[in-house]
Structure formats: C-alpha cells, structure tokens
Amino acid sequence: MRIIWEIQQTRQSLTQELMTLARLIGDRSSAALAFNDIRLGRENLASLRELPHLRRACLYRIDGSLLSDYQHDIKKIIGAFNATTVHCPPENPFTNTQSHFGDDRLHINFVVRQDGIPLGWLFISSDLTPIYTRLNNQITFSVLALVVSMLLSVLLATWLQRLISGPIKAVTNVARAIEEQTDRHLRAPVCSHDEVGQLALSFNAMLDTLEAQNQQIVSAKADQKSASARYQGLVESTSAIPWEFDLISQRFIFVGRQAEKILGYPVEDWHQKNFWQQRMHPDDMEKSILNRTLLNDSDAVQLEYRTFAADGRMVWIHDDVQVIFKEGKAVRLHGFMFDISKRKKLEEELRKHRNKLETLVEKRTTELQTANDELEAFSYSISHDLRAPLRSISGFSQILLDDYRHTLDSEGQGFLNRVVDNTTRMSTLIDDLLELAHLGKKQLSMVSVNFDDLVSDAVKLIEDNPEYNSSLQKVEFTCSPLGVVTADKGLLKAAINNLLGNAWKYTSKINKPRIKMGKINSAEGVTYFIKDNGAGFDIAYMDKIFVAFQRLHKRDEFEGTGIGLATVSRIIHRHEGRIWAEAEVGKGATFYFTLSKPE
Numbered sequence: 001m002r003i004i005w006e007i008q009q010t011r012q013s014l015t016q017e018l019m020t021l022a023r024l025i026g027d028r029s030s031a032a033l034a035f036n037d038i039r040l041g042r043e044n045l046a047s048l049r050e051l052p053h054l055r056r057a058c059l060y061r062i063d064g065s066l067l068s069d070y071q072h073d074i075k076k077i078i079g080a081f082n083a084t085t086v087h088c089p090p091e092n093p094f095t096n097t098q099s100h101f102g103d104d105r106l107h108i109n110f111v112v113r114q115d116g117i118p119l120g121w122l123f124i125s126s127d128l129t130p131i132y133t134r135l136n137n138q139i140t141f142s143v144l145a146l147v148v149s150m151l152l153s154v155l156l157a158t159w160l161q162r163l164i165s166g167p168i169k170a171v172t173n174v175a176r177a178i179e180e181q182t183d184r185h186l187r188a189p190v191c192s193h194d195e196v197g198q199l200a201l202s203f204n205a206m207l208d209t210l211e212a213q214n215q216q217i218v219s220a221k222a223d224q225k226s227a228s229a230r231y232q233g234l235v236e237s238t239s240a241i242p243w244e245f246d247l248i249s250q251r252f253i254f255v256g257r258q259a260e261k262i263l264g265y266p267v268e269d270w271h272q273k274n275f276w277q278q279r280m281h282p283d284d285m286e287k288s289i290l291n292r293t294l295l296n297d298s299d300a301v302q303l304e305y306r307t308f309a310a311d312g313r314m315v316w317i318h319d320d321v322q323v324i325f326k327e328g329k330a331v332r333l334h335g336f337m338f339d340i341s342k343r344k345k346l347e348e349e350l351r352k353h354r355n356k357l358e359t360l361v362e363k364r365t366t367e368l369q370t371a372n373d374e375l376e377a378f379s380y381s382i383s384h385d386l387r388a389p390l391r392s393i394s395g396f397s398q399i400l401l402d403d404y405r406h407t408l409d410s411e412g413q414g415f416l417n418r419v420v421d422n423t424t425r426m427s428t429l430i431d432d433l434l435e436l437a438h439l440g441k442k443q444l445s446m447v448s449v450n451f452d453d454l455v456s457d458a459v460k461l462i463e464d465n466p467e468y469n470s471s472l473q474k475v476e477f478t479c480s481p482l483g484v485v486t487a488d489k490g491l492l493k494a495a496i497n498n499l500l501g502n503a504w505k506y507t508s509k510i511n512k513p514r515i516k517m518g519k520i521n522s523a524e525g526v527t528y529f530i531k532d533n534g535a536g537f538d539i540a541y542m543d544k545i546f547v548a549f550q551r552l553h554k555r556d557e558f559e560g561t562g563i564g565l566a567t568v569s570r571i572i573h574r575h576e577g578r579i580w581a582e583a584e585v586g587k588g589a590t591f592y593f594t595l596s597k598p599e
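Under my numbering, think of the first position of the sequence shown as 1, with each following residue one higher.
Hints listed in this document are in silico derivations from the structure and should not be mistaken for laboratory results. Computed from a predicted model, the values in this text were never measured in an experiment. A portion of the hints provided could be inaccurate.
[To be verified] Result set (DSS-like, lysine-lysine): computed pairs, CA atoms no more than 25 angstroms apart in a straight line: (1) K326 <-> K273; (2) K544 <-> K505; (3) K261 <-> K342; (4) K474 <-> K544; (5) K326 <-> K356; (6) K326 <-> K344; (7) K587 <-> K531.
Could you build the full structure based on these sequences and the hints that come with them?
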C-alpha cells in the first residue's frame with residue numbers, strides 16, 4: 001500500500017512539474033507562434049535538453065501545423081526505461097490543456113495563449129524514469145528499513161531483557177547474599193528510575209529500616225542492661241530496704257542486703273514464712289502491711305510501726321508500700337522500709353520541749369496578765385488618786401492668782417502661773433497615758449468608715465480652735481477623695497486628729513502653711529499620706545518619733561506631751577497596718593500609713 005501510494009504521489013508530482021514546465025515554455029514560445037519564427041521556437045524547445053526524461057516536444061501553429069520540434073538524443077539515454085523514439089502527434093489541434101499517461105509515457109498538451117487568444121499548442125512527452133527511479137529507491141529503502149527494524153527489534157528485546165530482569169536478578173542476589181552471609185550492610189544497585197529502580201529503592205529502604213530497628217534493639221538492650229546496673233547500684237546504695245512480698249505464699253520473695261545491716265537478720269531468714277509477723281511489736285500488729293483490711297481500698301499504703309532487731313533493740317520503721325492487684329485481688333506487695341528511729345527520738349524530744357514551752361508560756365501569760373492587772377490598777381490609781389491633788393493644786397493656785405493678785409509681786413504671780421500651767425500639762429499627760437494604755441486592751445469594732453468625713457471633722461476641729469482663729473496664718477487644707485475603709489471608727493478618728501493636729505502645730509510658724517492628705521494605689525494595696533510644709537525634722541531620728549515621750553523639738557518651740565505619734569502608731573498596728581515618715585528640716589514632713597484590707 002505504501003508503494004502504490006508513492007507511485008500515485010510520484011505521478012501527480014511529475015504531472016504538475018511537466019504542466020508547470022509546459023506553461024513556462026508556452027509563455028516563452030508565444031512570440032515565436034505570433035511571428036511564425038521557427039528558429040526561436042526551436043531554441044525555446046532546446047532548453048529542455050537539461051531534462052533527460054523529456055523525450056519529445058512539439059510546437060504547433062493554431063492551424064495544427066508543426067512549427068518547431070525537439071527530440072532528446074536517444075544515444076544518451078541508453079539503459080533508460082523505454083528508450084524508444086517518440087514522434088510528434090499528427091496535425092490535430094487541441095482546444096484544451098490536458099495530460100494523460102500512455103505507452104509507458106506521460107503526454108502533456110498545453111494551449112499557448114496571448115491575452116487570452118489561442119496561438120497554438122505545445123506537446124511534451126516524458127518517459128516514466130523519475131517514477132521508476134523513485135519506486136526503486138522506495139523499494140530499496142523499505143527493504144533496508146525492514147532489515148534494520150528486525151535488527152533493532154532483536155537488539156531492543158535483548159536490551160529490555162537485560163534492563164528489566166538484570167536489576168531484579170541483582171535484587172534477588174543481594175537478598176540471597178544477606179540470607180546466606182547475614183551481612184545486613186549489602187544493598188541492591190539502583191540502575192534506573194522506573195518501577196524496577198523503585199523496587200530496588202524500596203528493598204534498600206526496607207533493609208535500612210531493618211538495620212535501624214536492629215540497632216535500636218541492640219541499643220535498647222544495652223540501655224536496659226545499663227539501667228538495670230544503675231538501678232541495682234542505686235538500690236544497694238540507699239539506706240532504705242527494698243522488698244517484695246507474695247501474699248499467697250506469705251513469704252518475702254526479695255529483700256535488699258540493707259536489711260542485714262539495719263536490722264541484723266541475714267537475707268536468707270527473710271524468706272521464711274511468717275518471718276516479719278513474728279518480729280513486729282505486739283501493739284503494732286494492726287498496722288502491719290500484711291493486714292489485708294488495709295489493702296482493700298488503696299494501691300498505696302504508708303505505715304509507721306515498731307519492730308525488733310536481731311540484737312533485741314526496738315526499731316521504728318516507715319513502710320512505703322505499693323499493692324499489686326490481679327483480677328481485683330491483692331496478690332503481691334513491694335516497697336521500701338526506712339529506719340526512722342532517730343526521727344522518732346527527735347520527735348519525742350521535741351514533744352517534751354513543746355510541753356515544757358507550753359507550760360512556760362502559760363506561766364508567762366499568767367505573769368503578764370497579773371502585770372496588766374496591776375498596770376490597770378495603777379492606771380486607775382493615777383486617774384483617781386492623782387487627779388484630785390492636781391485639781392486642788394491647780395484650783396488653789398488659780399484662787400491665789402484671782403483673789404490675792406494685788407498682794408503678790410510680779411515674781412510671785414509668775415510662780416503661781418507656772419504651777420497652774422504645769423498642773424494642766426500633767427493632767428493632760430495623765431489622760432494621754434491612760435488612753436495609750438487602754439489602746440492595747442480595747443476590742444476593735446471593725447465597720448465601714450467614710451474616710452472623707454473623718455478628715456472633714458478633723459479639719460473642722462482645728463478651724464474651731466481659738467488658737468487657730470487668733471492666728472494670722474490660715475492653713476490651706478486640700479484632700480483628694482479617700483473613699484470607704486474598714487476600721488475601728490473611734491480609733492481611726494483619734495489617729496487622724498493626731499496626725500492633722502501635728503501637721504497644723506508644726507506649720508503654725510511659717511508663711512502660707514499647707515496641709516495635704518491623699519492616697520496612693522499600688523499592687524500592694526492603698527497607702528494614705530498627710531503632707532505639710534512645716535518645720536520638718538531630721539530623718540535620722542525617725543525611729544524615735546513613734547516612741548512615747550520622745551520629742552525632737554523643745555517645749556518652748558512647740559507644745560506637746562510626746563505621746564500623740566506613739567498613740568497613732570499603736571492604732572495603726574492594731575489595724576495590722578504600718579506607718580512611716582519622710583521629712584527634711586525646714587521643708588516639712590510626710591506621714592504614710594496603711595490599713596488592713598476589708599475582709
């Protein structure tokens with residue numbers, strides 16, 4: 001079929017070539033036909049000599065007569081297909097261009113026109129040498145291709161056989177070698193990236209996995225052996241006695257060698273039945289780990305009991321027990337025994353010391369209560385027995401001043417004034433001492449207190465003081481909102497009155513006195529402060545200002561008993577708060593304090 005198709009294609013191609021050639025020669029020969037020029041027509045036809053397969057060409061006039069012809073030299077084509085003489089056809093004009101095969105040749109009849117007007121026609125005859133030559137070449141090529149295809153098929157089959165079966169055979173050989181030589185380091189060669197190559201890669205990956213698992217097993221065994229050795233060393237190095245007990249046979253199945261060192265019994269003796277029960281203190285048998293009632297509800301038990309050592313001494317044991325269950329039934333125990341005899345001895349000594357200390361504390365408490373009662377009696381004596389003489393001294397002195405002033409000179413009057421002032425001061429001091437003493441015994445009544453109202457009341461108390469009204473310098477009081485606190489209202493009021501009174505007292509001798517009260521919120525809680533710009537004090541003496549009778553200023557500078565800040569400190573501490581101060585001489589002072597948080 002291929003050859004037939006090639007023949008048809010060759011015939012069509014040859015027909016098209018001759019048609020094209022006829023058209024070219026016809027166009028060139030139109031002048032020769034128009035002018036009846038035989039020589040020009042022969043020259044045009046002679047150009048066909050370069051094509052050996054063109055056997056004959058004839059140029060006819062329009063009336064059918066021959067103008068010129070051409071015939072290829074027959075001698076030059078000896079051996080060609082059908083090299084016989086070709087004659088011009090008889091004088092029979094053609095009206096159309098046409099082609100046809102006949103007599104083993106291809107004939108072309110081409111009408112020569114000029115401006116669409118027929119002038120004559122051209123006859124060209126060619127043998128079929130190109131067709132036969134191409135046919136021979138095609139047959140030769142087909143035979144050669146068939147032979148080459150067969151050879152390539154044989155080579156390809158051989159190569160494919162080696163390509164496919166070779167790697168599979170190599171994998172098989174490696175598997176057999178691993179089995180026979182037990183050498184797991186062998187690997188199959190990977191010769192390609194196809195399925196066979198993937199098979200080799202998978203086989204090698206499997207070998208790598210097996211090798212890694214084998215190494216892990218070897219390493220795990222080594223680690224287990226090392227861990228077992230470490231555990232054994234750890235067990236033998238501890239002072240505790242490791243043990244394991246079988247509840248069914250009622251025997252120890254393992255006891256550490258520490259048992260012989262601590263209790264004196266050889267390890268072999270521990271494996272006897274009822275060994276441990278026979279050596280426990282009779283009073284502690286109910287605490288025994290072998291008492292099954294202790295094992296019903298828990299898988300871990302901790303016990304302390306007494307046992308007897310081989311030398312007869314009593315030893316306290318702390319037993320840390322783990323219970324092993326099987327099908328819901330306790331079948332085995334294991335744990336550690338600790339010798340706690342020294343701890344028990346210390347606990348007994350501590351108990352005796354605690355009892356002794358409790359007795360001593362009780363005695364001291366009684367003595368303190370007695371002292372407090374005596375102090376209270378003394379305070380009562382002061383408030384009643386001393387107040388009457390003081391009132392008499394003060395009263396009679398005042399009478400002398402009022403009724404006998406005219407009979408006393410100025411020095412006498414001065415003495416009486418000093419007596420009155422000192423008796424008044426002593427009465428105030430007694431009142432302050434009594435208040436300070438009562439603070440320690442007063443029961444706190446914790447309620448919600450509006451802090452801003454307490455401050456307002458304290459400021460109003462200062463502003464109503466005659467000394468404040470007679471002063472030319474008025475204090476500038478400022479206070480930020482303080483909110484509500486939980487405190488003993490009476491005690492907190494006394495503390496605020498003392499602090500603000502002190503601030504007013506120590507700002508009374510400066511121009512533009514200022515007192516400010518506020519609070520500071522922080523993560524630790526709320527801190528309150530009272531700040532003034534008064535006389536201040538040396539901060540080095542801050543530890544003295546909250547102690548009774550400790551004054552940092554002279555009496556002729558600022559009046560006072562030295563008990564006010566001590567009272568404030570006692571009130572703040574009763575509220576579980578703290579108080580401190582910052583100050584500088586001549587630049588004022590700031591007192592800070594905290595109160596307990598609301599419950």
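Now the hints, each set against the structure:
no. : hint          : verdict
1   : K326 <-> K273 : holds (22 angstroms)
2   : K544 <-> K505 : holds (19 angstroms)
3   : K261 <-> K342 : holds (16 angstroms)
4   : K474 <-> K544 : violated (30 angstroms)
5   : K326 <-> K356 : violated (52 angstroms)
6   : K326 <-> K344 : violated (36 angstroms)
7   : K587 <-> K531 : holds (11 angstroms)
When held up to the earlier numbered hints, the structure conflicts with 4, 5, 6 and fits the remainder.
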